[in-house]
Amino acid sequence: MVPKLFTVTLNQHAKASLKDFPSLPKYGVYVILSGNDVLRVGESSSGASRLSKGFRDPFRRTLRGKDRKNYIAYAWRSSYPNQRLNVEYFELKDQRFTDNHFRRALEAEVTFQFRIAKKCWPSEMSEVHFLERFRTDPLLVQTANAILAYYGVRYDAAI
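Here the numbering used here runs 4 ahead of the position in the sequence shown, where the first position is 1.
Be aware that one or more of the hints could be misleading.
[What the hints assert, rightly or not] Okay, derived cross-link-like pairs now, DSS-like style, lysine-lysine, Cα gap no bigger than 30 Å in a straight line:
no., residue 1, residue 2
1, K8, K97
2, K97, K23
3, K122, K19
4, K97, K57
5, K122, K8
6, K19, K30
7, K57, K30
8, K123, K8
9, K8, K30
10, K123, K23
11, K122, K97
12, K23, K57
13, K30, K97
14, K8, K19
15, K19, K57
16, K8, K57
17, K23, K8
[To be verified] Okay, the calculated beta carbon distance ranges per label pair:
no., residue 1, residue 2, range
18, P142, K23, 38 to 46 Å
19, Q16, T140, 42 to 50 Å
20, N86, L143, 37 to 45 Å
21, N15, L37, 32 to 40 Å
22, S53, E136, 27 to 35 Å
No lab work stands behind these hints: they were computed from the structure.
In this text, a Cβ means the ideal position worked out from N, Cα and C, and glycines have one as well.
All chains should be built: construct the whole structure from the sequences, respecting the hints.
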(Lines of atoms letter the chains of each structure in order from A and count residues from 1; the text may use other names and numbers.)
(Lines give C-alpha, C1' and ligand atoms only; values in the text may rest on other atoms or scores of the structure.)
Protein backbone atom coordinates (compact mmCIF):
# COMPACT_ATOMS: atom_id res chain seq x y z
CA MET A 1 0.00 0.00 0.00
CA VAL A 2 1.56 3.28 -1.08
CA PRO A 3 0.36 6.54 0.46
CA LYS A 4 -0.13 9.92 -1.10
CA LEU A 5 2.70 12.06 0.34
CA PHE A 6 2.67 15.77 1.01
CA THR A 7 4.31 18.31 3.30
CA VAL A 8 2.59 20.79 5.59
CA THR A 9 4.63 23.88 6.43
CA LEU A 10 3.57 25.57 9.63
CA ASN A 11 4.10 29.31 10.01
CA GLN A 12 5.18 31.14 13.17
CA HIS A 13 1.61 30.72 14.51
CA ALA A 14 1.68 26.97 13.76
CA LYS A 15 -0.87 27.34 10.99
CA ALA A 16 -0.58 25.79 7.53
CA SER A 17 -1.52 27.32 4.21
CA LEU A 18 -4.50 25.96 2.28
CA LYS A 19 -2.15 25.37 -0.68
CA ASP A 20 -0.38 22.65 1.36
CA PHE A 21 -3.36 20.30 1.04
CA PRO A 22 -3.83 18.30 -2.14
CA SER A 23 -7.06 16.71 -3.17
CA LEU A 24 -7.35 13.40 -1.30
CA PRO A 25 -9.73 10.45 -1.57
CA LYS A 26 -12.64 10.71 0.87
CA TYR A 27 -11.76 7.75 3.13
CA GLY A 28 -8.28 7.24 4.46
CA VAL A 29 -5.84 6.78 7.31
CA TYR A 30 -3.02 9.28 7.65
CA VAL A 31 0.29 9.35 9.48
CA ILE A 32 1.87 12.69 10.41
CA LEU A 33 5.64 12.66 10.88
CA SER A 34 8.37 15.02 11.94
CA GLY A 35 11.44 13.50 10.36
CA ASN A 36 11.16 9.81 11.25
CA ASP A 37 9.10 10.43 14.39
CA VAL A 38 5.46 9.41 14.14
CA LEU A 39 3.48 12.26 15.66
CA ARG A 40 -0.08 11.21 14.98
CA VAL A 41 -2.21 8.60 13.25
CA GLY A 42 -5.69 9.64 12.19
CA GLU A 43 -8.57 8.71 9.97
CA SER A 44 -10.66 10.73 7.59
CA SER A 45 -14.09 10.48 6.05
CA SER A 46 -13.69 13.80 4.27
CA GLY A 47 -10.34 13.60 2.48
CA ALA A 48 -8.18 16.65 3.07
CA SER A 49 -10.93 18.61 4.82
CA ARG A 50 -10.28 17.16 8.31
CA LEU A 51 -6.53 17.63 7.95
CA SER A 52 -6.89 21.13 6.58
CA LYS A 53 -9.15 22.22 9.43
CA GLY A 54 -6.88 20.65 12.02
CA PHE A 55 -3.83 22.45 10.69
CA ARG A 56 -5.50 25.75 9.79
CA ASP A 57 -8.34 26.57 12.16
CA PRO A 58 -7.50 28.83 15.10
CA PHE A 59 -7.05 27.13 18.47
CA ARG A 60 -9.84 29.29 19.81
CA ARG A 61 -12.63 31.02 17.98
CA THR A 62 -15.07 33.61 19.08
CA LEU A 63 -18.71 32.62 18.78
CA ARG A 64 -21.31 35.19 19.77
CA GLY A 65 -18.71 37.13 21.76
CA LYS A 66 -17.39 34.10 23.69
CA ASP A 67 -14.11 32.24 23.21
CA ARG A 68 -14.65 28.62 22.18
CA LYS A 69 -12.05 25.88 21.90
CA ASN A 70 -11.46 24.49 18.45
CA TYR A 71 -10.95 20.80 17.72
CA ILE A 72 -8.46 19.98 20.48
CA ALA A 73 -6.82 16.98 18.76
CA TYR A 74 -4.58 19.40 16.81
CA ALA A 75 -3.59 21.66 19.71
CA TRP A 76 -0.19 19.91 19.61
CA ARG A 77 0.69 21.77 16.42
CA SER A 78 1.61 24.79 18.57
CA SER A 79 4.80 22.85 19.45
CA TYR A 80 5.92 22.95 15.80
CA PRO A 81 5.98 26.60 14.64
CA ASN A 82 8.03 27.24 11.50
CA GLN A 83 8.43 23.53 10.86
CA ARG A 84 7.62 21.19 8.00
CA LEU A 85 5.68 18.04 8.77
CA ASN A 86 5.18 15.13 6.42
CA VAL A 87 1.74 13.65 5.90
CA GLU A 88 1.26 10.20 4.40
CA TYR A 89 -2.35 9.44 3.41
CA PHE A 90 -3.44 5.86 2.74
CA GLU A 91 -6.63 5.63 0.71
CA LEU A 92 -9.21 3.13 1.99
CA LYS A 93 -11.10 1.80 -1.02
CA ASP A 94 -13.15 -1.04 0.43
CA GLN A 95 -16.81 -0.20 1.12
CA ARG A 96 -16.49 -1.36 4.73
CA PHE A 97 -14.25 1.64 5.49
CA THR A 98 -17.21 3.97 4.99
CA ASP A 99 -18.28 2.78 8.46
CA ASN A 100 -16.85 5.18 11.07
CA HIS A 101 -16.31 2.45 13.67
CA PHE A 102 -14.46 0.16 11.26
CA ARG A 103 -12.20 3.01 10.06
CA ARG A 104 -11.50 4.11 13.64
CA ALA A 105 -10.67 0.52 14.58
CA LEU A 106 -8.06 0.52 11.81
CA GLU A 107 -6.62 3.82 13.07
CA ALA A 108 -6.39 2.37 16.60
CA GLU A 109 -4.76 -0.85 15.43
CA VAL A 110 -2.14 0.98 13.35
CA THR A 111 -1.45 3.30 16.31
CA PHE A 112 -1.13 0.39 18.73
CA GLN A 113 1.17 -1.56 16.43
CA PHE A 114 3.42 1.52 16.11
CA ARG A 115 3.45 1.69 19.92
CA ILE A 116 4.56 -1.94 20.20
CA ALA A 117 7.21 -1.69 17.47
CA LYS A 118 8.68 1.64 18.59
CA LYS A 119 8.14 1.13 22.33
CA CYS A 120 6.26 4.43 22.64
CA TRP A 121 2.99 5.94 21.51
CA PRO A 122 3.00 8.37 18.60
CA SER A 123 4.11 11.51 20.43
CA GLU A 124 1.11 13.72 19.66
CA MET A 125 -1.73 11.25 20.12
CA SER A 126 -4.27 12.56 22.60
CA GLU A 127 -6.59 9.56 22.52
CA VAL A 128 -7.09 6.16 20.93
CA HIS A 129 -10.46 4.41 20.66
CA PHE A 130 -10.05 0.65 20.60
CA LEU A 131 -12.85 -1.44 19.13
CA GLU A 132 -11.98 -5.00 20.12
CA ARG A 133 -14.72 -6.59 18.02
CA PHE A 134 -12.86 -5.60 14.84
CA ARG A 135 -9.29 -6.51 15.88
CA THR A 136 -9.27 -9.90 14.14
CA ASP A 137 -11.36 -8.90 11.11
CA PRO A 138 -9.42 -10.14 8.05
CA LEU A 139 -9.83 -6.87 6.09
CA LEU A 140 -8.73 -4.76 9.05
CA VAL A 141 -5.71 -6.99 9.73
CA GLN A 142 -4.73 -7.06 6.04
CA THR A 143 -5.01 -3.27 5.69
CA ALA A 144 -3.17 -2.53 8.96
CA ASN A 145 -0.44 -4.94 7.89
CA ALA A 146 -0.09 -3.20 4.50
CA ILE A 147 0.15 0.27 6.09
CA LEU A 148 2.68 -0.86 8.70
CA ALA A 149 4.79 -2.69 6.11
CA TYR A 150 5.30 0.65 4.37
CA TYR A 151 7.20 1.76 7.51
CA GLY A 152 9.08 -1.49 7.91
CA VAL A 153 6.98 -2.37 10.95
CA ARG A 154 5.93 -5.98 11.33
CA TYR A 155 2.28 -6.45 12.22
CA ASP A 156 2.05 -8.55 15.36
CA ALA A 157 -1.27 -10.38 15.44
CA ALA A 158 -0.36 -12.06 18.72
CA ILE A 159 -0.81 -8.85 20.71
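Which hint numbers doesn't this structure obey?
Those not satisfied are hints 10 and 21.
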